[in-house]
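S.K.: As a plain string of letters, each chain reads:
There are 2 protein chains.
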Amino acid sequence: MEAVISEAVALLDEAGDSALTFRALAARLGGGAASIYWYVANKDELLDRASDHVVAQVLVDTEDFHGSEDPIDDLRAIAVALFGAITVRPWLGAYFMRDTGVQPNALALYERLGQQVLRLDLTPRQSFHAVSAVMGFVVGIAADLGQKPPQEVVDGSVERDEHIERFADQWRSLDPAEFPFVHHIADEFAGHDDTEQFRAGLDLLLAGLRLQADA
Amino acid sequence: MEAVISEAVALLDEAGDSALTFRALAARLGGGAASIYWYVANKDELLDRASDHVVAQVLVDTEDFHGSEDPIDDLRAIAVALFGAITVRPWLGAYFMRDTGVQPNALALYERLGQQVLRLDLTPRQSFHAVSAVMGFVVGIAADLGQKPPQEVVDGSVERDEHIERFADQWRSLDPAEFPFVHHIADEFAGHDDTEQFRAGLDLLLAGLRLQADA
DNA sequence: CGAAACATAGAACACTGTTCGATGATTGCG
DNA sequence: CGCAATCATCGAACAGTGTTCTATGTTTCG
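Chains as they are written, first to last, in this note's numbering: chain A, 1 to 215; chain B, 1001 to 1215.
Wrong hints could be hidden among the right ones.
As the list claims (entries may be wrong) - Below are the EDC-like pairs computed for lysine to aspartate or glutamate, each with C-alpha atoms no more than 20 Å apart in a straight line: (1) B:1043 to B:1073; (2) A:43 to B:1169; (3) A:43 to A:17; (4) B:1043 to A:17; (5) A:43 to A:69; (6) B:1043 to B:1002.
Stated by the list, open to error - Covered stretches of chain B (in silico footprint by chain A; criterion: 3 or more residues with CB under 8 Å from a CB of chain A, positions within the stretch not fixed): (7) 1024-1034; (8) 1180-1194.
By construction, these hints were calculated from the structure, which means they are not laboratory data.
Predicted model, so just to flag it, every value in this text is computed and none were measured.
Cβ coordinates follow ideal geometry from the N, Cα and C atoms, glycine included.
Work out the full structure: start from the sequences and follow the hints.
M.R.: Here's what the structure looks like:
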């Protein structure tokens, strides 16, 4: 049983979303496809269990992220850790938003974020909105980055830079009068780092939260 | 051609993500499934075109959202409009994040957000991060709401409240010592409004942005 | 008129999730 | 020990999917 979802995660990690098929998974486990149905009711449950399995690891990794002087620092640290986990596993983003309240470990993570917000001076409604916003932001940005490149860039990172540069060139070739902003940030886009981009947005969100807490 | 993607959008609107199949679409159009391949190379392109088609409408709806006294007000208005469009069409969220830079109308929307940010006093990098953050937040939250209820709640909104209430009850039955935050916000969750929740998070983000612009 | 471009479908293929029924393996117990 | 009951596995089949191929009509226009 543990081997089933463990191998499912491995399969997703190696070849992505579309690679997880009952027959492929069965081949890895050295058995028939129908056998998997003894452990899991359907594919949805398989994905839920796989997601929850890696979220459990995030939970472990963020175990000590509490009790620092500034609750918002803890909040940021947890969010960054979750973001990192989804960045490494793009498939996780897609299957994360669904059933946030159903998958036990996802709920625990939600709670962990919430406990930091509890340390701020906010109304219940404000804290509910704050945690939902952080969670949504992390998942949204991470899923955004989850779009895999066309079919190249499955190897070296040099080609990744080229791919992103080609994108920027495409932007630069647009009409400057009609797309002033795209031109304005084309260079930034060309040399951007995903994690830095995420942290910048997160900091905006947290700055707004701090403003609200200090009001 | 116009009829193809138009009917595809209608199909997605009526019965959701899984209802759009080549055979079902062909039946609606009164023809064979293979005929669709004359207009579109594969299903991915069909979905891209369908997405872009409705984003075009968002573009029209937000045409006048510029030039107000406060650029951030315009930014908020555009974001809310986009959020509304995805709320009405949950399928759009899932297919929105991919190829943001490829689908022309999505790029135009990105530009429209960016032009408001240009009015703020920011570095190119800051404005790049700001627009990406707003875009990611909208899509992330909207996609989060896109998870359709189990299989009920396809009709009256009364049952929706019951469904959400059952969720809240489940939360309330957790161990208060282990889940203090979940208990703290259970009532808020039970009576929450999706749009209000979104706007609250967006306002946090925009407050942080204003802080950065005024610094 | 006739050829070239446009447009349409039916049949088949490979692949997916899923079900069913039969067949082994293991275990507990009288 | 023997044997029934549970646990576990698998092959074969089904319905449904995206996609391709090839053949056939339909329109356009020189």
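S.K.: Now tell me if each hint is right for this structure.
M.R.: Each hint, compared with the structure:
1. Of the supplied pair hints, the one linking residue 1043 (chain B) and residue 1073 (chain B) is violated, its CA atoms being roughly 38 Å apart against a limit of 20 Å.
2. Annotation: proposed proximity of residue 43 (chain A) to residue 1169 (chain B) is violated, straight-line Cα distance about 28 Å (limit 20 Å).
3. Our distance criterion of 20 Å between C-alpha atoms is met by residue 43 (chain A) and residue 17 (chain A), whose separation comes to about 12 Å.
4. Taking the CA atoms of residue 1043 (chain B) and residue 17 (chain A), the gap is about 17 Å. The hint holds against a cut of 20 Å.
5. For the given pair, residue 43 (chain A) sits about 44 Å from residue 69 (chain A) by alpha-carbon distance, which is inconsistent with the 20 Å threshold.
6. Distance hint between residue 1043 (chain B) and residue 1002 (chain B) is fulfilled; the C-alpha atoms sit about 16 Å from each other, no more than 20 Å.
7. With 0 residues bearing a CB less than 8 Å from a CB of chain A, the segment 1024-1034 of chain B misses the requirement of three and the coverage assertion fails.
8. Given as covered by chain A, the segment 1180-1194 of chain B passes the check, having 9 residues with a CB less than 8 Å from a CB of that chain where 3 are the minimum.
In terms of the numbered hints stated before, the structure departs from hints 1, 2, 5, 7, listed from lowest to highest.
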